[in-house]
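Given chain A's structure and the hints, the job is docking chain B onto it.
Line by line, the protein sequences are chains A and B.
Sequential numbering of the first sequence, starting at 2, is according to the numbering used here.
Sequential numbering of the second sequence, starting at 68, is according to the numbering used here.
No false leads were slipped in.
Each computed DSSO-like pair below joins lysine-lysine, with the alpha-carbon atoms no more than 27 Å apart: (1) A:217 <-> B:145; (2) B:114 <-> A:13; (3) A:10 <-> B:101; (4) A:33 <-> B:127; (5) B:101 <-> B:127; (6) A:33 <-> B:101; (7) A:10 <-> B:114; (8) B:145 <-> A:158; (9) B:145 <-> A:152; (10) A:13 <-> B:145; (11) B:71 <-> B:162; (12) B:127 <-> A:158; (13) A:11 <-> B:145; (14) A:11 <-> B:114; (15) B:145 <-> A:10; (16) B:114 <-> A:33; (17) A:33 <-> B:145; (18) B:145 <-> A:151.
Restraint-style ranges between C-beta atoms, simulated for each label pair: (19) B:111 <-> A:50: 12 to 22 Å; (20) B:148 <-> A:60: 24 to 34 Å; (21) A:80 <-> B:79: 27 to 37 Å; (22) B:138 <-> A:122: 47 to 57 Å; (23) A:204 <-> B:77: 48 to 58 Å.
What the hints contain is simulated information worked out from the structure, not anything from laboratory work.
Yeah, the Cβ is synthetic: ideal placement off N, Cα and C, and Gly gets one too.
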Amino acid sequence: MMNNSSVDKKVKERINELFAGVGSSQALFELKEELSTNIKEKVADFQSRGMDEQQSLQEAMISLGDLSELVEEMRQLGQNQAKQKVYSTRAAQISTIGIVVGVLLILFGGLVCTMLFFQTSETISAVGPLIFVVLGGAITTYSVLTRETKKCYGMNKIRATIYAAAVGTGLFGFFVSIMTYAGMGKIYTAIAPFMVFFMISVGVILYLILTEVDRKKENS
Amino acid sequence: MAGKISTDLIRGHTSTIILNVLRQGDSYGYAIYKQIIALSDNQYELKEATLYTAFRRLEKEGYILSYWGDETTGSRRKYYRITEAGSQFYEQSQKDWAFAKNILDKLINGGLNHDE
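So that you can see chain A by itself, here it is in the shape it has in the complex (with noise of 0.2 Å):
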């Protein structure tokens, strides 16, 4: 895959151009990030074929066809809130289940074990339940990251999971370690399946991060 900057910039533009003036919509944003993946691939092999830049771009412009329809289609899309609604209610859905699943399962976790530290004398069974709080962190990232906002659409779901799973395996790291000082009571030996697990996670989400594209919604 391409990754020429120059390219994304002016196929970015050329679609902008295209899709003027037709209303924000979920579908409008997945419909032209779909455009613009495949018109730099195209682009991308006129330049293999030996054209320039300008007319690469130029020729898989033009070669698209006629838009008008897609166009169209688009802009009655931005223009009906209501059938804009019903795209997104699925997805809003789950988001919402999400987030109260995942933050009561983060209460629970951190009040049993609570319940549990003051009632049992062995630290280690009463840290258990910690383990709920991991899950829960998971799913509430998942939830919270796919969910559409008014400033924002919602992020790919695989992306999404991803992050969920980046987080979750933070979380689990300082599960371990806090499960391991529990038994054995010495923070260095804590400390190092934590780093692990830590590690990982801060290098995938970093990489995330890094590699992000805008979701912001233009009019808003």
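Frame of chain A; chain B shown alone:
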């Protein structure tokens, strides 16, 4: 590209053509475009604009579904997959086409035999 197929003629078959590509494996916009050119032995090009409109229609009808590829570098591909309903529709279209092709050939090329 050599010959010509009228827009009217091809329009009724866009769905079937796309489904024919997708029943042979999941694919995404530009690849489908190239696969169709290849299917025609480089003799026919279905415009990308037509394809995108068709994708949206086919997805609404439940004949295909879409999912994003896991390219993490910002340029994600939107892949399409044929559904069970899509496969059934394709098979029916294939039969319809076999019938239509035969009849149209008779109607366009056939001669009337008055001696019978």
